[in-house]
Amino acid sequence: MKYSKDFIDRLKRGDRGAQHILYDSISAKMYGVCMRYSGNSDLAKDILHDGFVKVFTSVKAYRGEGSFEGWVRKIIVNTALEFLRQRRNIEEVELNQASFKVVEIANVEYDIKFFLKIVSELPLQYRTVFNLYAIDEYSHSEIAEMLNITESTSKSNYSRAKAILRDKLEKLVDFKYEEFIR
Amino acid sequence: MKSLYDNQHEAEMIERLKSLEITPPQGSWDDIQNTLKLKRKRSIVILSSLATAATVALFFTISGINLLTNNNNSTNQDLVAISKSKIERIESVKNPNRIIDNQNMVITSERESKSNSFAVESEKIQPVEESKVIISQEEVPELIQPIQNKPLKSYPQSKDDISCITKTKQNYASLALVSKNESKRKGEWFISASGFPVYSFHTAGIFKKDGTQNERGMMSWGGSVSVLYNLSKSFSIEGGISYSKVGELEKNLYIAGTNLRGPAIVTNGASSTYGNLTLSDDNYRLLDAEDVSSVQSLVATNYTKVSGSQQFKYIEIPILFAKRFYYRGYKFSLKGGFSESILIGNKLDLKGDKISLSGKTAGMDKYSSSAIAAISLSIPLLNKVNLLIEPNARIGLKSLSTSYGKSYPFASYIKFGVEVPL
Chain A
1 MKYSKDFIDR
11 LKRGDRGAQH
21 ILYDSISAKM
31 YGVCMRYSGN
41 SDLAKDILHD
51 GFVKVFTSVK
61 AYRGEGSFEG
71 WVRKIIVNTA
81 LEFLRQRRNI
91 EEVELNQASF
101 KVVEIANVEY
111 DIKFFLKIVS
121 ELPLQYRTVF
131 NLYAIDEYSH
141 SEIAEMLNIT
151 ESTSKSNYSR
161 AKAILRDKLE
171 KLVDFKYEEF
181 IR
Chain B
1 MKSLYDNQHE
11 AEMIERLKSL
21 EITPPQGSWD
31 DIQNTLKLKR
41 KRSIVILSSL
51 ATAATVALFF
61 TISGINLLTN
71 NNNSTNQDLV
81 AISKSKIERI
91 ESVKNPNRII
101 DNQNMVITSE
111 RESKSNSFAV
121 ESEKIQPVEE
131 SKVIISQEEV
141 PELIQPIQNK
151 PLKSYPQSKD
161 DISCITKTKQ
171 NYASLALVSK
181 NESKRKGEWF
191 ISASGFPVYS
201 FHTAGIFKKD
211 GTQNERGMMS
221 WGGSVSVLYN
231 LSKSFSIEGG
241 ISYSKVGELE
251 KNLYIAGTNL
261 RGPAIVTNGA
271 SSTYGNLTLS
281 DDNYRLLDAE
291 DVSSVQSLVA
301 TNYTKVSGSQ
311 QFKYIEIPIL
321 FAKRFYYRGY
331 KFSLKGGFSE
341 SILIGNKLDL
351 KGDKISLSGK
361 TAGMDKYSSS
371 AIAAISLSIP
381 LLNKVNLLIE
391 PNARIGLKSL
401 STSYGKSYPF
411 ASYIKFGVEV
421 PL
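For the protein sequence lines, the chains are A and B, in the order given.
Numbering follows my numbering, with no gaps: position 4 of the first sequence is 4.
Numbering follows my numbering, with no gaps: position 192 of the second sequence is 192.
Quick caveat, the hints were computed from the structure, so don't treat them as lab data.
No experiment lies behind these values; they were computed from the predicted model shown.
Just so it is clear, CB atoms sit at the ideal spot from N, CA and C, and this is done for glycine as well.
Check before you lean on any hint, since a few could be wrong.
Said to hold, decoys possible - To give an idea of the interface, some chain B residues facing chain A are shown, with a C-beta separation under 7 Å as derived from the structure:
hint, residue
1, M13
2, I14
3, R16
4, L17
5, K18
6, I22
7, T23
8, P24
9, P25
10, D31
11, V227
12, N276
13, L279
14, F332
Make a model of the complete structure from these sequences and hints.
Below, the structure is given as structure tokens:
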């Protein structure tokens, strides 16, 4: 979706109506991003909340370079990474419960739930690198900088994430999705 | 059975995850709006708090000065002072031997050349109520001559400049300063040098313990040299260069050997609101409390608790506009403006039992901008030298950290210095 300059100017002025329109149009996508990174709905909600607050308070910094949606998405991803940094230990605990929470999500196609579930079961760092590289299309050098790791670590994490995903998909071949998710 | 997994499935999974859309839980929008409202209120509270702190500091400064002034005057209670209004009034009086008080009807005098000293009797122009005026013979020409022949001095050379002191309930000594403090006219240059204690912190988590419960503000020192130019009788512009050290203190950090391994701490060591804390010694790893709580399952469990201080040294170039005003004889200036700073030092000091390490904070922005508000007080000190007392409040206009958007720095400091005309 393309947003007009007038609309972005309204956002920069703190127009509440414009903020609501933006939220309505983009929140489902951004919540999807939050779910991918967090692996559970409670943390995803917190990330979405802080991410949108950050979008609305720092929209003045948007200079029109690149798409506005891309800019918002970048902020949401950065917010998710901040959360994962700050709440690592909490995340580790909740990850185990994530498999039960994912199935509670409404309005999601069945196979998407399945994919989301197996990604959310990846170890935290593998999942983060997989999301950043495969889905959000950051380069390994960018990921290395974002996560304060080396580029080779990023590459190996991605390879291992892919290997785990492949392994899971192969092992689950005998399961019906319904049974698995239930 | 055909394998579920193949490249097509992988590509499909990635595509579907890319376009994943999930309706957020109900109430999310309301929560966001409430937070935005709270943030607006919070920023107002922060500015109000800084203004209040500056006012309180100023109040105590002025009170202290007034107290000192009153103590000095108490030794001269049997003399009588003359205010600025009285001095100006004298200029219009042709008879140099007569001093007339136009408002308080206190002082009238007549010079008698023959006697060495005399008690002045009131002329019958107006009644004298409380005060009895005593002026020594030597003091009278001192008082009158400068007024007739040359303009008033800009400030008192000594206590003798105030020739007479009235015995009234009001303290006229400060009013005398006003008349002598008129030197700061349009087009004049002044230079000042000052040193100051600085208290610094950041805005994140001041009111909410948002990952900052282990962080505290820091006291340090700074210094500045400024040049001031009087644009008009009331307005000035000021620029200069300033050095200050800001930062924060952080507790509940842990140091462990490099044999520490585990998924929970692979990506980061300890971090603060300003950014990630990095050690210069590769033989150690720095962890925060969260890491330690999850470290039990890891290989190494031997770690030492330390506290740290993050110090950032800045050279700052401020541009300030000032509006002068006088109150009770003292010159005040309300100042406001902006500054650009460059980071010249980034240091992390860690200290614990039997261990002391250093490092730095990663992800710090080299340049920063700030808004400054100040109120300054000038007190005549020596010949053409003024003592300068200036409470300041400074708040960053952007986050100091490139990775964490909430760390707007602020600092409050009281400059103590001297100011001289160029």
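Task: Satisfaction of the B:P25 interface hint, Cβ to chain A closer than 7 Å - done: holds (5 Å)
Task: Agreement of hint B:N276 with chain A interface, Cβ distance less than 7 Å - done: holds (6 Å)
Open item on the list: Given B:T23 as an interface hint, is its Cβ closer than 7 Å to any Cβ of chain A?
Closed with: This hint holds: B:T23 lies near chain A, its Cβ roughly 5 Å from the closest one there, short of 7 Å.
- [ ] Could you check if B:R16 really has its C-beta closer than 7 Å to a C-beta on chain A?
- [x] holds (5 Å)
Task: Restraint satisfaction for B:L17 [CB to CB of chain A, less than 7 Å] - done: Hint on B:L17: holds, closest Cβ of chain A at ~5 Å, below 7 Å.
Task: B:V227 as chain A interface residue, shortest Cβ-Cβ below 7 Å - done: violated (33 Å)
Open item on the list: Please check whether B:L279 passes as an interface residue: C-beta within 7 Å of a C-beta belonging to chain A.
Closed with: violated (13 Å)
Task: Restraint check, 7 Å cut-off on beta carbons, for B:M13 near chain A - done: holds (5 Å)
Open item on the list: Min Cβ distance, B:I14 to chain A: is it shorter than 7 Å?
Closed with: holds (5 Å)
- [ ] May I ask you to test the interface hint for B:D31 with respect to chain A, counting a Cβ-Cβ separation under 7 Å as satisfied?
- [x] For B:D31, the interface hint holds, since the closest Cβ of chain A sits about 6 Å away, which is under 7 Å.
Task: Interface hint for B:P24, Cβ within 7 Å of any Cβ on chain A - done: holds (4 Å)
Open item on the list: Take the shortest C-beta to C-beta distance between B:I22 and chain A; is it under 7 Å?
Closed with: holds (5 Å)
Of the hints listed earlier, those the structure fails to meet are numbers 11, 13 and 14, in rising order.
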